[in-house]
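**Student:** In case you want the letters, here they are:
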Amino acid sequence: MTSEFARMLLILIGIAVAFALVLAGLVFAGGGRRSKRYRPGRPFTFTPVWFLSAPEEQSRAGIVRALRAATLGGRPTGPRETGGASDRW
Amino acid sequence: MIAGEVTAAPSSGGALEGSTGAASVPEPTRAHPTYHPEVVDGPLSVRALLRVDEALRLADAATGLTFSVYIGELGEDSRETAQRLHARLADPDVSVLIAVSPNERVLEIVTGSRARKRILDRDAHLAAKSMVAAFAGGDLGGGIVAGIAQLADHAGRGPTDD
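Chains A and U, in that order, are what the protein sequence lines are.
Take the working numbering: the final residue in the first sequence is number 153, and no numbers are missing along the way.
Take the working numbering: the final residue in the second sequence is number 786, and no numbers are missing along the way.
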């Protein structure tokens with residue numbers, strides 16, 4: 065076995081090992097992330113979120129409402145009549 | 625950041641006044657994952673976020689009401705906390721809030737004074753039943769999407785008061 069052949073063999077083996085290490089690293093990096101699935105009975109540790117379809121319009125509407133209230137003298141609003149439902153699981 | 629845009633991060637002084645034990649409340653944002661990258665770290669997968677975002681847009685467009693979804697702590701008096709959240713919306717009278725507290729396993733649906741004429745309380749109860757069934761099975765996103773669709777369906781079929 066010549067030294068040239070041994071060097072080529074080492075290079076090829078090195079490339080294969082490096083490729084395997086990169087793949088293993090990617091797999092472990094992906095698997096270490098927290099599962100997003102909600103599981104009943106387990107603690108829910110996520111930051112509260114509040115979703116709207118168009119929050120920018122809501123924000124603008126809120127500004128308009130505040131300006132209108134200021135124009136009308138800022139009359140305090142009483143408790144609003146609401147409906148809906150409550151349930152548990 | 626565009627004018628009037630709100631962020632998904634919890635506001636520093638966001639605790640609701642008078643609420644009992646409620647956590648800090650975030651500002652409303654879109655469910656679309658590219659709108660605010662912070663929501664990607666939330667409880668819903670990207671696919672579920674897209675479904676919720678689409679459901680909210682379709683429900684708003686179809687009914688003229690404003691639907692919103694809150695996921696987080698509601699405290700001991702969950703109904704009162706949900707009503708306070710609902711009152712923070714721009715036009716609460718025509719707004720519908722779906723508030724889910726996974727830790728307390730509580731669901732609250734709050735309809736405004738005009739919205740409740742189109743979504744009767746019994747309709748809200750029916751939607752709540754199907755939602756909690758999905759939640760009990762661990763399908764948070766699916767339950768929310770199904771609830772929005774049911775509530776929008778009832779609102780569309782109901783009488784308008786205008």
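No wet-lab data here; the hints were simulated from the structure.
No residue lacks a Cβ here, since even glycine has one placed at the ideal position from N, Cα and C.
Careful, some of the hints might be misleading.
[Stated by the list, open to error] Stretch by stretch, here's where chain A covers chain U in the computed footprint (C-beta under 8 Å, at least three residues):
#	region
1	675-682
2	685-698
3	708-717
4	730-741
5	745-758
[Claimed, not checked] Estimated spans, in silico, between C-beta atoms of each pair:
#	chain 1	residue 1	chain 2	residue 2	range
6	A	L90	U	R671	17 to 25 Å
7	U	E728	A	A82	46 to 54 Å
8	A	P107	U	S737	35 to 43 Å
9	U	L674	A	L73	28 to 36 Å
10	U	K753	A	P107	21 to 29 Å
11	U	A757	A	F83	24 to 32 Å
12	A	V86	U	L674	48 to 56 Å
**Student:** Now look at each hint and say whether the structure bears it out.
**Tutor:** A quick look at each hint next to the structure:
1. 675-682: Since 4 is at least three, the answer is holds.
2. 685-698: Answer holds; 8 residues pass the 8 Å Cβ test.
3. 708-717: As far as the region 708-717 of chain U goes, the hint holds, because 8 residues have Cβ atoms under 8 Å from chain A.
4. 730-741: Since 10 is at least three, the answer is holds.
5. 745-758: It holds: at least three residues are needed, and the region 745-758 of chain U offers 9 whose Cβ sits within less than 8 Å of chain A.
6. A/L90 / U/R671: 17 to 25 Å: holds (21 Å)
7. U/E728 / A/A82: 46 to 54 Å: Holds - the Cβ-Cβ distance for U/E728 and A/A82, about 50 Å, lies within 46 to 54 Å.
8. A/P107 / U/S737: 35 to 43 Å: holds (37 Å)
9. U/L674 / A/L73: 28 to 36 Å: violated (50 Å)
10. U/K753 / A/P107: 21 to 29 Å: holds (25 Å)
11. U/A757 / A/F83: 24 to 32 Å: violated (47 Å)
12. A/V86 / U/L674: 48 to 56 Å: Between A/V86 and U/L674, where Cβ atoms are some 31 Å apart, the hint is violated.
Of the numbered hints given earlier, the model fails hints 9, 11, 12; all others are met.
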